[in-house]
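Listed here are the chains, written in short residue letters.
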Amino acid sequence: MNEHQQGSTASELETLRLENAKLRDQLARMQDNKKDYPLSLEEYQRYGRQMIVEETGGVAGQVKIKNTKVLVVGAGGLGCPALPYLAGAGVGQIGIVDNDVVETSNLHRQVLHDSSRVGMLKCESARQSITKLNPHVNVVTYPVRLNSTNAFEIFEGYDYVLDCTDSPLTRYLVSDVAVNLGITVVSASGLGTEGQLTILNFNNMGPCYRCFYPTPPPPNAVTSCQEGGVIGPCIGLVGTMMAVETLKLILGVYTKENFKPFLMLYSGFPQQSLRNFKMRGRQDSCLCCGKNRTITKETIEKGEINYEIFCGSRNYNVCQPDERLSVEAFQDLYKDNDRKTSHILMDVRPSHHYEISHFPEAINLPVKKLRDMNGDIKKLQEVLPTVGKDSNIVVLCRHGNDSQIATRLLKDEFELSNVRDVRGGYFKYIDDIDQNIPKY
Amino acid sequence: MVNVKVEFLGGLDAIFEKQRVHKVTVDKEDPVTVGDLIEHIVSTMIKNPNDVTIFIEDDSIRPGILTLINDTDWELEGEKDCVLEDGDIVSFTSTLHGG
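Just so you know, the sequences run in chain order A and B.
Quick note on numbering: the first sequence equals residues 1 to 440 in my numbering.
Quick note on numbering: the second sequence equals residues 1001 to 1099 in my numbering.
I should point out that these hints are in silico values taken from the structure, not numbers from a laboratory.
We put the beta carbon where it would ideally sit given N, CA and C, even for glycine.
Mixed in with the good hints there might be a few duds.
Claimed, not checked - Heads up, simulated PhoX-like pairs for lysine-lysine below, C-alpha to C-alpha not over 25 Å straight-line:
1) Lys368(A) to Lys1047(B)
2) Lys1047(B) to Lys1028(B)
3) Lys389(A) to Lys369(A)
4) Lys302(A) to Lys256(A)
5) Lys1005(B) to Lys278(A)
6) Lys1023(B) to Lys378(A)
7) Lys379(A) to Lys1005(B)
8) Lys1005(B) to Lys1018(B)
9) Lys260(A) to Lys1080(B)
10) Lys66(A) to Lys132(A)
11) Lys389(A) to Lys411(A)
12) Lys1018(B) to Lys369(A)
13) Lys291(A) to Lys278(A)
14) Lys379(A) to Lys369(A)
15) Lys369(A) to Lys1005(B)
16) Lys1018(B) to Lys368(A)
17) Lys278(A) to Lys1023(B)
18) Lys297(A) to Lys278(A)
19) Lys278(A) to Lys1080(B)
20) Lys379(A) to Lys389(A)
21) Lys1023(B) to Lys1047(B)
22) Lys1005(B) to Lys1023(B)
23) Lys1080(B) to Lys1047(B)
24) Lys260(A) to Lys291(A)
25) Lys1023(B) to Lys379(A)
To be verified - Derived coverage of chain B by chain A (criterion: at least 3 residues anywhere in the stretch with Cβ under 8 Å from a Cβ of chain A; other residues may be distant):
26) 1028-1037
27) 1072-1079
28) 1082-1090
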């Protein structure tokens, strides 16, 4: 080793020694940071724009958000916008309950999922998206359908529950379980161009779902998004509003003193509007949160509160097996060109459904119009001049439900003898016989 | 006699010729109550008798429809007995369940 090399080694050693000291110092300061700062440096950056909004209470507010566990029931039209905003805001734990899988027909509104995830569980798809957005969030998935036996176990330990479900049955269940566990619920719903939002069981003093709706609506008055349709951004806005309400709850914006029961109604059309209705408070007569409570953890879990019977269901099965055609028999008898039997094909879907896609020979007569003819064959003949008491009529709808109702009307009220409907409807025909027809 | 604005929201406009907002005069000796208004709606505004059950069940507003008087739950205002004044807004909205 020559002199020059010796000198260079010494200087390298010195550099390394300095670097080592610098790193030790940095490490010590980082450990100090851990003691002094409640959030990591990355979290300060991530939540900075939120923390500098005075209403959040800055770092203290952010820590509250981080220490909160929120359960979202339903990762559909409402859950999809609510979930990323809650995750983005830094909610410490987010639970997602949903046992559905992503379908192509969901994607116009359920934008947390994507085309590559069709067939994947929605809770899993949502978990992947929000973990990518914010890895600090602990996401817990529950790929089950919420029911009276699993709800308590799932809800326990969560600070807030978001009801993003889609039926009266689950809405009563979510509210009942939350009341019994003392959890505040942010509840919303949407259909078509409108949405509604409310806070239930606020601080164990606000009204619950049963206070507002002691009696469920008749099943035939309940319309789903699948049936009635829904505009993506309309329900999306309501889901976003749910995230706002959740943050306000976490940050303590609502207090026992200032909370007033409310229900917000968003309308997207014709002019966008948001109404805030002042609602009734907790009802003494409420079976769940009132003076004489019969809806308890025990009665729910034992199945004594029968949600299916309480909410009821529509009975579509009003036709006998011999009054119905399978899609194969329908194809064989009426669609196959060689053996086309003379008949009238009556498509009883609403006109705007019919206009999207229909058989060329089908005549559109919505079931509602048919009902309004009150069994008067002359009125029927105004629309269908060739129809007579013995006409061979085949009735078709989307899924084979309304077609049964129409068949009953035609046979019982119009007294036509030769009427049958197609089991499973137009969509089953498309699935099983001809996939080249547009299905919506 | 009283002149009020009546709104049918949450899809209820379907049975009122798809019109959400209606100016309504209830031509009856004062005091005119919300109950009188409901009778007026059923007897003169619902054109199709088959649609009455969408609005009324067992002589009252069908479960699942919220009734609001000047943006306030009618439960807080005396329900059917609430006396209407000129310019009041009475809203009926069906509850949505989709999610």
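To see whether the hints hold, each was checked on the structure:
no. : hint                     : verdict
1   : Lys368(A) to Lys1047(B)  : holds (14 Å)
2   : Lys1047(B) to Lys1028(B) : holds (21 Å)
3   : Lys389(A) to Lys369(A)   : holds (19 Å)
4   : Lys302(A) to Lys256(A)   : violated (33 Å)
5   : Lys1005(B) to Lys278(A)  : holds (18 Å)
6   : Lys1023(B) to Lys378(A)  : violated (36 Å)
7   : Lys379(A) to Lys1005(B)  : violated (35 Å)
8   : Lys1005(B) to Lys1018(B) : holds (16 Å)
9   : Lys260(A) to Lys1080(B)  : holds (23 Å)
10  : Lys66(A) to Lys132(A)    : holds (17 Å)
11  : Lys389(A) to Lys411(A)   : holds (9 Å)
12  : Lys1018(B) to Lys369(A)  : holds (16 Å)
13  : Lys291(A) to Lys278(A)   : holds (23 Å)
14  : Lys379(A) to Lys369(A)   : holds (10 Å)
15  : Lys369(A) to Lys1005(B)  : violated (29 Å)
16  : Lys1018(B) to Lys368(A)  : holds (15 Å)
17  : Lys278(A) to Lys1023(B)  : holds (23 Å)
18  : Lys297(A) to Lys278(A)   : violated (30 Å)
19  : Lys278(A) to Lys1080(B)  : holds (17 Å)
20  : Lys379(A) to Lys389(A)   : holds (13 Å)
21  : Lys1023(B) to Lys1047(B) : holds (16 Å)
22  : Lys1005(B) to Lys1023(B) : holds (5 Å)
23  : Lys1080(B) to Lys1047(B) : holds (22 Å)
24  : Lys260(A) to Lys291(A)   : holds (20 Å)
25  : Lys1023(B) to Lys379(A)  : violated (33 Å)
26  : 1028-1037                : violated (count 0)
27  : 1072-1079                : holds (count 4)
28  : 1082-1090                : violated (count 0)
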